[in-house]
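Protein chains in written order, with our numbering: chain E, 1149 to 1431; chain V, 199 to 430.
Quick caveat, the hints were computed from the structure, so don't treat them as lab data. Among the clues, some could well be false.
[To be verified] List time: in silico SDA-like cross-link candidates among lysine to any residue, alpha-carbon distance up to 25 Å:
1. E:LYS1402 <-> E:GLN1422
2. V:LYS397 <-> V:GLN298
3. E:LYS1402 <-> V:TYR259
4. E:LYS1402 <-> V:GLY219
5. E:LYS1402 <-> V:ALA280
6. E:LYS1402 <-> E:THR1199
7. V:LYS427 <-> E:GLN1417
8. E:LYS1402 <-> V:PHE212
9. V:LYS397 <-> V:ARG386
10. E:LYS1402 <-> V:GLN217
11. V:LYS427 <-> E:ASP1414
12. E:LYS1402 <-> V:GLN262
13. V:LYS427 <-> V:ARG413
14. E:LYS1402 <-> V:SER279
15. E:LYS1402 <-> V:GLN281
16. V:LYS427 <-> V:ALA220
[Unchecked claim] Beyond 10 Å from chain V on every Cβ pair, some chain E residues (computed):
17. TYR1189
18. GLY1215
19. ASP1247
20. PRO1252
21. ASP1319
22. GLY1328
All residues carry an ideal CB built from backbone N, CA and C; glycine is no exception.
The residues making up each chain are set out below.
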Amino acid sequence: METSLHAAATAAAFRETPAPFAGPAPGPAPLLNVSGLTKYYGDMLGCRDVTFALWPGEVMGIVGESGSGKSTLLGCLSGRMAPSSGQVAYESERFGVVDVHRAPEPVRRNLLRTEWGVVHQNPRDGLRLAVSAGGNIGERLMAVGARNYGTIRAEALRWLREVEIDATRIDHLPRTFSGGMQQRLQIAANLATGPRLLFMDEPTGGLDVSVQARLLDLLRNLVSRLGLSVVIVTHDLAVARLLAHRLMVMRRGKVVESGLTDQVLDDPQHPYTQLLVSSILHA
Amino acid sequence: MATMLSVRGLYKTFTLHTQHGAQIPVFHNLRFDAASGECVALAGASGAGKSSLLCCLYGNYRPQAGTIAVYHDGAHTDMVSAQPREILEIRRRTLGYVSQFLRVVPRVSAQDVVAEPLLALTGDREAARDKAAALLARLNIPRSLWSLPPATFSGGEQQRVNIARGFCVDYPVLLLDEPTASLDAANRAEVVRLIHEAKARGAAVVGIFHDEEVRDAVADRLFHLDAYKAAA
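Please model the complete structure; the sequences and the hints are all you need to start from.
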């Protein structure tokens, strides 16, 4: 009850903000509407005045060097970090429009368990290492009410298969997995509850190039087949080109350029983007 | 004939901030149209901006001014001011582009690389793979290569995979950047046939063809860029 009242209140507030994207919209409405998002750590800037809308099925890449505010922005977008100012409005299946940072904590927690997924750079931050692979997926399912052991196990097996982990590893602890396998398990656990929106922080970060290629291919297929919306932080422009429809380039907490991925990478306008693109090493 | 593509006042210049803000003017106040069923060949000296113009038309380069109206979904949409998701939708259904080089994706087979745009359009995996197979066969890619990622293919093979990919969807507007550059006579002739078929079904084709024989075979008229270069 409380949540539906809250949704109505945020919906009203939301209507007053002009839509950042004008013009005809092929999709019904943005999934995420972000306006003026700003985060200071004391007097140190995390990110400043970030505004954008993410549409269903869109993959947005956030690129920029370390310390440019990418992860801070991702933390604020996914409700895990409180911004200093600004708003994140999320069009929830269950709650209607949710003003993420003004919503009650249980709503945020519920979203993180159900409609959203968070894939951390280090799989150890997203997995429980003392719980079996199947258990890591099962826990997420149980959090949304699954109780039947057989069903949970069958679902866990299905998701292990989806991320190309051998079924015989279901009862093994993730600490016996390679880094690439751990990352795929983390993705499986996140996808098990059928999220609509994924937040990913350098998902291919610490992996070998060959392992990275496999993970990228897997992610690309899953994202397009499941029609997921994704915000992905990466400093790797090749990863961004492969996965993202559009990019935001961040520098010192601010978005200096944004647009269609190939446009930003092939015809960068901002001096910093030009520097980034021209700094890529070609093997 | 319906105007599929209409360019007005297009202005493109590169500003190289890493080279002390050096300005490289490409073209200025450019204007041209392409109609359904015709093939316009871009002409001009090397560096006249032919490839840059194709990139602008595809929404890959960002012009400094002007409009590029593409006939899409019963109306003209301006590629210059369109939002990313609109450009992607136009590319998905209306606007095809064959670049000079294939961008290879790790682990994806040649057949799936070719089928991908059609699969994205229809969702019918079998039909898309069938069409891809037919195109690969027409362009003389040995069947034994179809299941392999094209990363290790020769330059000519990669280019033919790229052409097959560009022709897999029957786009109403097709942009071709030297599609026959590294091909032998038999494959050149096949590409000419593909372009004729595209024109016959009503596609507007804009292309760069250095091979005069190919250009004479497919182009209905030339569009000279040199005049726009001088003014820049």
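Right, here's what the structure says about each hint:
1. E:LYS1402 <-> E:GLN1422: 16 Å, holds
2. V:LYS397 <-> V:GLN298: 21 Å, holds
3. E:LYS1402 <-> V:TYR259: 23 Å, holds
4. E:LYS1402 <-> V:GLY219: Given that 25 Å is the threshold and the Cα spacing comes to 22 Å, the pair holds.
5. E:LYS1402 <-> V:ALA280: Since the Cα atoms of LYS1402 of chain E and ALA280 of chain V sit roughly 23 Å apart, the hinted pair holds (cutoff 25 Å).
6. E:LYS1402 <-> E:THR1199: 10 Å, holds
7. V:LYS427 <-> E:GLN1417: Within the cut-off at roughly 21 Å; holds.
8. E:LYS1402 <-> V:PHE212: 24 Å, holds
9. V:LYS397 <-> V:ARG386: Between LYS397 of chain V and ARG386 of chain V the Cα gap is close to 17 Å, so the pair holds against 25 Å.
10. E:LYS1402 <-> V:GLN217: 24 Å, holds
11. V:LYS427 <-> E:ASP1414: 21 Å, holds
12. E:LYS1402 <-> V:GLN262: 23 Å, holds
13. V:LYS427 <-> V:ARG413: OK: LYS427 of chain V and ARG413 of chain V at ~22 Å, within 25 Å.
14. E:LYS1402 <-> V:SER279: Measuring from Cα to Cα gives roughly 23 Å; hence the hint holds.
15. E:LYS1402 <-> V:GLN281: 21 Å, holds
16. V:LYS427 <-> V:ALA220: Judged against 25 Å, a Cα distance of about 17 Å means the pair holds.
17. TYR1189: 30 Å, holds
18. GLY1215: 21 Å, holds
19. ASP1247: 24 Å, holds
20. PRO1252: 32 Å, holds
21. ASP1319: 29 Å, holds
22. GLY1328: 14 Å, holds
Checked against the numbered hints above, the structure breaks none of them.
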